[in-house]
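Enquirer: Each chain is listed here by its residues.
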Amino acid sequence: EDQVTQSPEALRLQEGESSSLNCSYTVSGLRGLFWYRQDPGKGPEFLFTLYSAGEEKEKERLKATLTKKESFLHITAPKPEDSATYLCAVQAAGGGNKLTFGTGTQLKVEL
Amino acid sequence: GAVVSQHPSRVICKSGTSVKIECRSLDFQATTMFWYRQFPKKSLMLMATSNEGSKATYEQGVEKDKFLINHASLTLSTLTVTSAHPEDSSFYICSASGQNQETQYFGPGTRLLVL
Chain G
2 EDQVTQSPEA LRLQEGESSS LNCSYTVSGL RGLFWYRQDP GKGPEFLFTL YSAGEEKEKE
62 RLKATLTKKE SFLHITAPKP EDSATYLCAV QAAGGGNKLT FGTGTQLKVE L
Chain F
3 GAVVSQHPSR VICKSGTSVK IECRSLDFQA TTMFWYRQFP KKSLMLMATS NEGSKATYEQ
63 GVEKDKFLIN HASLTLSTLT VTSAHPEDSS FYICSASGQN QETQYFGPGT RLLVL
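In order, the protein sequences belong to chains G and F.
Residue numbering for the first sequence follows our numbering, starting at 2 and increasing by one per position.
Residue numbering for the second sequence follows our numbering, starting at 3 and increasing by one per position.
Honestly, the hints are just simulated from the structure, not real lab data.
Note that this is a predicted model, so its numbers are computed, not measured.
Where is the CB? At the ideal position from N, CA and C, for every residue including glycine.
Check before you lean on any hint, since a few could be wrong.
[As the list claims (entries may be wrong)] Each computed EDC-like pair below joins lysine to aspartate or glutamate, with the alpha-carbon atoms no more than 16 Å apart:
no., chain 1, residue 1, chain 2, residue 2
1, G, 70, G, 3
2, F, 44, G, 40
3, F, 44, G, 57
4, F, 43, G, 3
[Claimed, not checked] Interface residues of chain F toward chain G, partial, derived using beta-carbon atoms under 10 Å:
no., residue
5, 20
6, 38
7, 93
8, 104
[Unchecked claim] Simulated coverage check for chain G against chain F, where a stretch passes if three residues somewhere in it have a Cβ under 8 Å from a Cβ of chain F:
no., stretch
9, 18 to 28
10, 44 to 54
11, 94 to 100
Using the sequences plus the hints, can you model the full thing?
Expert: Written as structure tokens, this is what we have:
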């Protein structure tokens with residue numbers, strides 16, 4: 002059974018204080034690993050897809066990396082508007098487009 | 003691009019009534035749509051997967067006669083919660099993906115409250 006574990010559950014940062022969120026996964030053949038951002042009361046917003054170990058993708062202050070066992074979402078010099086829950090999900094080869102989600106990291110960036 | 007809408011955004015209904023939620027892909031053809039349920043401070047739980055023109059595939063533990071899913075066109079899927087009860091109160095979110103696309107794009111969600 003595919004599993005995704007995210008840590009920490011919650012993270013409080015000061016504006017400008019860089020940090021990383023972790024996503025550990027076990028999957029029977031990784032087709033893709035996805036990062037989403039979810040604001041309260043909203044649906045998840047797509048951020049990145051990573052396909053193979055060593056791959057990296059960047060978007061503004063966010064950078065996602067992937068190894069064979071985990072993915073990191075690095076947040077550089079965060080701003081209050083980066084506050085949200087960040088969700089990680091895996092898609093298994095042969096599983097269609099089905100996603101298995103982690104429970105998310107709730108990020109709060111304070112002034 | 004890749005915009006998905008849901009309607010209604012919030013609905014309150016009496017116990018025993020049925021509620022229909024619509025999910026539309028606005029700028030692409032969604033060959034596959036997914037329905038999720040999310041409890042407060044919990045992650046998304048997949049309820050069912052539907053392909054256009056086919057019967058939905060339900061996850062284990064999800065009652066297909068209670069949660070009716072229709073995916074009649076490449077831009078519209080509906081979820082009907084039949085004979086709703088208070089325990090069905092939740093945040094329901096749909097997503098859609100196009101042909102040859104692995105990425106799921108999510109709608110804004112529907113908050114259902116059953117009194």
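Enquirer: Each hint should be assessed against the structure and marked as holding or not.
Expert: The hints, checked one at a time:
1. G:70 - G:3: Between residue 70 (chain G) and residue 3 (chain G) the Cα gap is close to 12 Å, so the pair holds against 16 Å.
2. F:44 - G:40: Within the cut-off at roughly 13 Å; holds.
3. F:44 - G:57: This hinted pair is violated, its Cα atoms lying about 28 Å apart.
4. F:43 - G:3: Violated, because 21 Å separates the two Cα atoms, which is more than 16 Å.
5. 20: With a minimum Cβ separation of about 23 Å from chain G (threshold 10 Å), the hint on residue 20 (chain F) is violated.
6. 38: holds, 8 Å
7. 93: The hint holds - residue 93 (chain F) has a Cβ within 10 Å of chain G, the shortest such distance being about 8 Å.
8. 104: Holds: closest Cβ of chain G sits about 5 Å from residue 104 (chain F), inside 10 Å.
9. 18 to 28: Check failed, 0 qualifying residues.
10. 44 to 54: holds (count 5)
11. 94 to 100: Per the Cβ count (4), the hint holds.
Against the hints set out earlier in the document, violations occur for numbers 3, 4, 5 and 9.
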